[in-house]
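Given the sequences, and given the hints that come with them, work out the whole structure.
Chains as they are written, first to last, in the working numbering: chain A, 1 to 311; chain B, 1001 to 1337.
It is worth saying that the hints were derived from the structure and are not from the lab.
Certain hints may be false.
Stated by the list, open to error - Cβ-Cβ distance ranges computed for the label pairs, FRET-style: (1) L21(A) x S1102(B): 48 to 54 angstroms; (2) E1190(B) x G116(A): 46 to 52 angstroms; (3) G1024(B) x Y216(A): 49 to 55 angstroms; (4) R1290(B) x P231(A): 34 to 40 angstroms; (5) L238(A) x G1064(B): 52 to 58 angstroms.
We put the beta carbon where it would ideally sit given N, CA and C, even for glycine.
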Amino acid sequence: MGYLIARRILAGIPTLLGVTLVVFLILRLVPGDPVAGLLSGGPATPELVAGLRAQFGLDQPLPVQYLSFLGDALQGDLGTSYATGQSVTSMISGQLLPTVQLAFAAALLSTVAGIGLGVLAAAVRNSFTDGLIRVFSVLGTAMPTFWIGLMLILVVSFQFRMLPATGSDGFQRLILPAVALAVPAIGVMTRLVRANVLEVLGENFVTALHAKGLSYRTILLRHVLRNAVLPAVTVAGLQIGGLLAGAVVVETVFARQGLGNLILQAITRNDYPVLQGVVIVIGALVVLVNIVVDLVYGAVDPRIRSSLAGR
Amino acid sequence: MRAQRRKGPASAVVDGVSFSLNRGETTCVVGESGSGKSVTARAIMGLTRLEPALSVSGEIWFDGKPLHQMDNPSVARLRGRDIAMVFQEPMSSLDPLFTVGSQLTESLRRRHGKLPNQNLRTRLLALLSDVGIPDGERVLRSRPHELSGGMCQRVMIAAALAGEPDLLIADEPTTALDVTVQAGILALLERIRTERGMAVLLVTHDMGVAAEVADQVLVMYSGRIVENASADEVFESPRHPYTAGLLSCVPALEGEKPSVLPTIPGSMPSPEQRPPGCAFHPRCARSADRCSTETPLQTQKPGLEYACWNPIEPTFLPMPTADVPTHTAQAPKEDAR
Ligand SMILES: Nc1ncnc2c1ncn2[C@@H]1O[C@H](COP(=O)(O)OP(=O)(O)OP(=O)(O)O)[C@@H](O)[C@H]1O
Ligand code: SF4
Ligand SMILES: [Mg+2]
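Rendered as structure tokens:
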């Protein structure tokens, strides 16, 4: 097991390196100059500009900039914000929790709802309910989260005044953003679970279970469910990455605290270090979550567990 | 009994199949691939009700109970307790995620309900040793992928026996197994049948197997029973040309099974392409004019039924049919029509 964890972590390193390189290059290749933005308030003398560029290290050749950034990042230092002068690490750690909360709430919601709806749809396949669920899951996958968020605010908050529209504090204010973020993921999960259940229902052992005289309920909820949901665990894990990224968008719709807020401000100011930092932290989270998901999958699927033990 | 596909051309995959089974006897169903053996077996258990593509009509009587009139939950209650089934693919017939112990427990509960732990354990181990598994402790903890095919099939048989059924249906229980393992499983089935006095319906396409264990033989061809007789009759003097053809190409039991029947030219028609009259007539050396137009009727002699216009006459003096000590002499217990 220890060997497996080490191997997975090692395999994550190239991914993260790739992420840093891509985000580093993209930021510098798109038009926009951080220094010009900072100096927009007053007279931007060439000396002042050159001084700031030198201070931020922007006068160095790109490879040098990249390597020094990488070296600092390895030591846990993601640089200093151009705009606020604060350490990026502390800015991110201050905003990380609400985003992670939101992403995990949405992940939990999409997994539970997706499994529930998927199993229900498969159990009553080709019925009206099944059709309804399928339409919902297709629509859900197709709708952008910010639009879902706006609709939720419009209907739930303004029309029915049931839940607050904006803000970050408390469970109540987590519900709407989590739902908005989860809807597309629920759609994906529902379709996957439905397909898996139908596939498992066609397997030989299900016929054998019927031959044993077990009730359809027992067969569906005890045997088929477990076999169908297990492969979906991996997808649920993969979705968390997308949900973390999506959280950033949803946060701005609901004016929530979090990395989304941070990133929005950083983009408007071309605040390279903050942008890089947020992307890298999200990337690292995604890699981490995937490792955890793999391990969990290995732990719950006896076939994988024993093949690992055999190594 | 008649089984028909719901979609596509309305051709029956099984038609006019009627037979009865007797307690304590092994009845073998033989025939080429696609002749409807498995559909017949599944239909007895009502498993065809779960297949939306098939519609089964007719009557199935079990121990005086009309299964064909029962609703699904009532039939489900009979399954595992009164009628149990063993399948062709042992490895894929067990739930891969559950231990053998928990799957066997499910079967035991069908008859005994919830059992106290100690009692349960003893019973599970007894079941496994009954089917020739000595290291039951280990097997109970195992999951199917950790066991061999033969071992899985023994577990399946143990699960089938756990409900103490009166009828055990085994659909090609040894086809997926090594030849050496096959003999062991067959011997096991035979031993259990004698010990428990249940009826066994053994589906096989191997005449050699039937010769070893059958008391009664049903020969199926293209969805119909073409001959139904005691094993003695079938093996000593087959009346139906198809039965004779099957017999003439029986390899030695230990030998390799040929995939085609060398002595019967051609292949069995699918239900859609079934010719009129006797379905066997394009391949039959004895076919007469009427064979291609009129479906042969089942000759109803007790213990000897065949559907042929031009049956093979016994070449030696057979025992008079009436005197043959067959199952019909006893009061039939199980009855599947
Ligand atoms: N669920 C089903 N829906 C439609 N047709 C079916 C179904 N099950 C079986 N059939 C058809 O019924 C016919 C008989 O099939 P069956 O499985 O009973 O043959 P078999 O004698 O058991 O053959 P084998 O030796 O290959 O197991 C075949 O033509 C098959 O295509
Ligand atoms: S009915 Fe005719 S064709 Fe069919 S088996 Fe008998 S002799 Fe052959
Ligand atoms: Mg079959």
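Outcome of the hint check:
1. L21(A) x S1102(B): 48 to 54 angstroms: 50 angstroms, holds
2. E1190(B) x G116(A): 46 to 52 angstroms: 48 angstroms, holds
3. G1024(B) x Y216(A): 49 to 55 angstroms: 33 angstroms, violated
4. R1290(B) x P231(A): 34 to 40 angstroms: 58 angstroms, violated
5. L238(A) x G1064(B): 52 to 58 angstroms: 57 angstroms, holds
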